[in-house]
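Q: For reference, the chains in residue letters:
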Amino acid sequence: MAQSALVNRHMPVVWRVAFRMLRDRQEAEDVTQETFLRAWKMLPEWEGRSKFSTWACTVAINLCRDRMKKKAPVLMETLPEREAGDLPPEQALHQKQAGARISALIDALPERQKEALILSALEGMGNKEAAAAMQVSVEALESLLSRARRTLRQALAEGQEE
Amino acid sequence: MRQTDMTDARVLQLLETYGAWPMAWPEEEREAAEAHLAAHPERFADALAEARLLDAAFEAEPMPEPDPSLAARILADAPQPRTARDSLGARLSRILMPNGQRWPAGAALASLGMGLFAGYTASASSVPATYETEAEAVVYAALGYDQYDTYLEEAPLDE
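So the sequence lines, in the order shown, correspond to chains A and B.
The first sequence begins at 1 in the numbering used here and counts up one residue at a time.
The second sequence begins at 1 in the numbering used here and counts up one residue at a time.
Check before you lean on any hint, since a few could be wrong.
Claimed, not checked - The calculated lysine to aspartate or glutamate pairs, modelled on DMTMM-like cross-linking and capped at a C-alpha distance of 20 Å, are:
1. A:K96 with A:D66
2. A:K96 with B:D55
3. A:K51 with B:E27
4. A:K128 with B:E65
5. A:K128 with B:E61
6. A:K128 with B:E29
7. A:K128 with B:D67
8. A:K51 with A:E34
9. A:K71 with A:D24
10. A:K128 with B:D77
11. A:K96 with B:E28
12. A:K96 with B:E29
13. A:K114 with B:E28
14. A:K41 with B:D77
Please keep in mind that the hints were generated in silico from the structure rather than gathered at the bench.
Model the full assembly from the supplied sequences, consistent with the hints where possible.
A: Shown next as structure tokens:
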């Protein structure tokens, strides 16, 4: 069924974008469900619109922005527990710490930089699609990305010096 | 983009913006940037190392996965697809009452229904492929017409 294919293909990305923005599984699910509810209403008149993935990410990002306006900032202590897979304990701990650290650094980025980084670096979206999803130009996306990466590089370098 | 159009500044910008992995670079610049980087590796060594360090940090960021039940919940909200084929009765009604015209229903419908099965068994096997659906073909055959247009031309609205 076409609807199943659409959900199976695009839902995980929409959910991950929402989760990385909101850091709350339930809220990410709510955003994802709302995104697809809107999609079901739009689909009969879809012809000529953008790629579904671009449209869905735009909707999800806007829903996340609305929710973030109402939320208090996420504190380091509230970051969710992360699983490190089947690595040996020492390596798993290192991986977990490294993952938690980069997640915390990404979370601390300004909102638009964080969105750009999530779409481009973490979800592997092409520059044009990521820019379209954020409703900015490619040049603006590149500016956001380079500023985000510069901030993260500096933070990681400072962390290594400590 | 041709390699000759690629500059040191743009390669550095790509590394700083998209990281060290060429697949993350804009498609239209990728080939030229890779060639430029390969031709002058000493110019980009530091930027490349920094970009790789950050890329490695991103790889440590675990990929979260949604709850396995979420897809089913989303699909439960999806509009139900129309049935592939309406019931024979519904199609029969549409044919008997094109454009909403009213058929003197009682006797005509009853006699038509009785003839339907016999008509189908006698004629369905020779139904031309141009019929829209098998159900419609059955009805036309039962009525003794080759196709819907013929039916509209010849069938009386009232009997």
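Q: With reference to the structure, classify each hint as holding or not holding.
A: Hint-by-hint comparison with the structure:
no., hint, in the structure
1, A:K96 with A:D66, "violated (30 Å)"
2, A:K96 with B:D55, "holds (16 Å)"
3, A:K51 with B:E27, "holds (18 Å)"
4, A:K128 with B:E65, "violated (25 Å)"
5, A:K128 with B:E61, "violated (24 Å)"
6, A:K128 with B:E29, "holds (13 Å)"
7, A:K128 with B:D67, "violated (30 Å)"
8, A:K51 with A:E34, "holds (18 Å)"
9, A:K71 with A:D24, "holds (11 Å)"
10, A:K128 with B:D77, "violated (31 Å)"
11, A:K96 with B:E28, "violated (36 Å)"
12, A:K96 with B:E29, "violated (35 Å)"
13, A:K114 with B:E28, "violated (25 Å)"
14, A:K41 with B:D77, "holds (11 Å)"
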